[in-house]
Amino acid sequence: MRSRVISLLLFGVLVTGCATDPGPKPEEEREAAYSAVRSADDAGAMDVEPSIMNTAREKLEAAQVLIEEQRYAEARQLLEEATLDARLAASRTSTQQVRNELGDIQASIDSLRNNLENQQ
Amino acid sequence: MNKQWFTSGSVITLAALLSACASAPEQHQGMLDTRAAYDTAVDNPEVARNGLSHLRDADQALDRAEALFEEGAATDLIDHHVYRANRHIEIARENALRAGLEEELAAAERQRDDLRIRIGERRAQVAEMEARMLREQMDRLQAEQTERGMVMTLGDVLFDINEAQLKPAGERTVNRLAEFMKEFENYRVRVEGYTDSIGEADYNQMLSLERAESVRAELLAAGIAPNRILVQGFGEQYPKASNNTAAGRQENRRVEIVISDRDGNIGSR
Chain A
1 MRSRVISLLL FGVLVTGCAT DPGPKPEEER EAAYSAVRSA DDAGAMDVEP
51 SIMNTAREKL EAAQVLIEEQ RYAEARQLLE EATLDARLAA SRTSTQQVRN
101 ELGDIQASID SLRNNLENQQ
Chain B
1 MNKQWFTSGS VITLAALLSA CASAPEQHQG MLDTRAAYDT AVDNPEVARN
51 GLSHLRDADQ ALDRAEALFE EGAATDLIDH HVYRANRHIE IARENALRAG
101 LEEELAAAER QRDDLRIRIG ERRAQVAEME ARMLREQMDR LQAEQTERGM
151 VMTLGDVLFD INEAQLKPAG ERTVNRLAEF MKEFENYRVR VEGYTDSIGE
201 ADYNQMLSLE RAESVRAELL AAGIAPNRIL VQGFGEQYPK ASNNTAAGRQ
251 ENRRVEIVIS DRDGNIGSR
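Protein chains in written order, with our numbering: chain A, 1 to 120; chain B, 1 to 269.
Do not rely on the hints blindly, as some may be mistaken.
[Stated by the list, open to error] Coverage of chain A stretches by chain B, computed from C-beta distances (three or more under 8 Å per stretch; other residues unrestricted):
| hint | stretch |
| --- | --- |
| 1 | 79 to 93 |
| 2 | 98 to 104 |
| 3 | 107 to 118 |
[Said to hold, decoys possible] Simulated coverage check for chain B against chain A, where a stretch passes if three residues somewhere in it have a Cβ under 8 Å from a Cβ of chain A:
| hint | stretch |
| --- | --- |
| 4 | 98 to 111 |
| 5 | 114 to 127 |
Note that these hints are calculated values from the structure, not bench results. The beta-carbon is built from N, C-alpha and C at its ideal position, and this holds for glycine as well.
Please build the complete structure, drawing on both the sequences and the hints.
Written out as structure tokens, the structure is:
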């Protein structure tokens, strides 16, 4: 009786460890990933970090296939990764925008300085 | 019997699942590197300040990866959490980098605004100085404000009697005007001759024009460009005073020089 309980417990632990049950569909993760990629796209991330953006998109597509095969756990991982890929790309895009603005202002400072010197 | 079946079944299952989950390697280099990167990021005050929530997420993902590694979980799953941790660390670092640039940007904007203000002040100073110099010059020319603009009058005494020729005193006055015109290059003048009503109107008309012409010749000799000088003879027209008295007639015999505005526009009669 005791060994039966132990074997059942062991079985349970291992089944959760490398699950075969498809579990819940990663709806939230899917929504989050698509929205992260979309907003990165809107911010112009494709121009700044094209390779990260492509990676994120490939993961979205792969996740879609996995969902159709009911391989939800794997799909969830890809979606979570795609979300973070897109967020990194968006973050780098914002940084690039600040860098560009800084460049513009530096240029106008230079021209104002020249202006001031020429007035003297 | 039942008990026996379960026991042997569980052993088989255990073996199958263990092989499926593959034996864990002794260390996971990517995980160790990411933990090291996390430690460096946390120690950086900029990153810690600007990327706190991402660092927390990175730490949790790493904890998860480390726990899975201890349990001997699938490499894929460990890799996934290590990947997440890495991304969070990168985002935290990126946010810190951007915050630094934003500070630089704010400083640059202040510097630019300051320069603009200084240039504005300098321009106002220059404009004010020019206006003051102009007023002083007009005072020196003894120009008076009229409806036509600033007008300087050369009296009859500056010309030879009944002649167009300027006397030396008249030449000096005209040269002061020339100096002014050299300094303020946008200004133009119209030289207008007038006489009293004694004598033939035609003669007076001619004399008034000739006197105006001789002023122009003096300005040209001083180097003023011809297109900046207009000339007109009004003869007996527009007397300033009565032609019935000698004093009035003398006042009417004159040359008036109308000075344009700063854009070169001259008011006319």
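Results for each hint:
1. Counting residues of the stretch 79 to 93 of chain A whose C-beta sits closer than 8 Å to any C-beta of chain B gives 8, which meets the bar of three, so the coverage hint holds.
2. With 4 residues carrying a beta carbon less than 8 Å from a beta carbon of chain B, the stretch 98 to 104 of chain A meets the three-residue requirement, and the given coverage holds.
3. Coverage of a stretch by a chain is defined here by at least three residues with a beta carbon nearer than 8 Å to that chain's beta carbons; for the stretch 107 to 118 of chain A and chain B the count is 6, and the condition holds.
4. For the stretch 98 to 111 of chain B, the stated coverage by chain A holds: 8 residues have a C-beta nearer than 8 Å to a C-beta of that chain, and at least 3 were required.
5. With 7 residues having a Cβ less than 8 Å from any Cβ of chain A, the stretch 114 to 127 of chain B passes the three-residue criterion, so the hint holds.
Violated hints are absent here; each numbered hint is respected by the structure.
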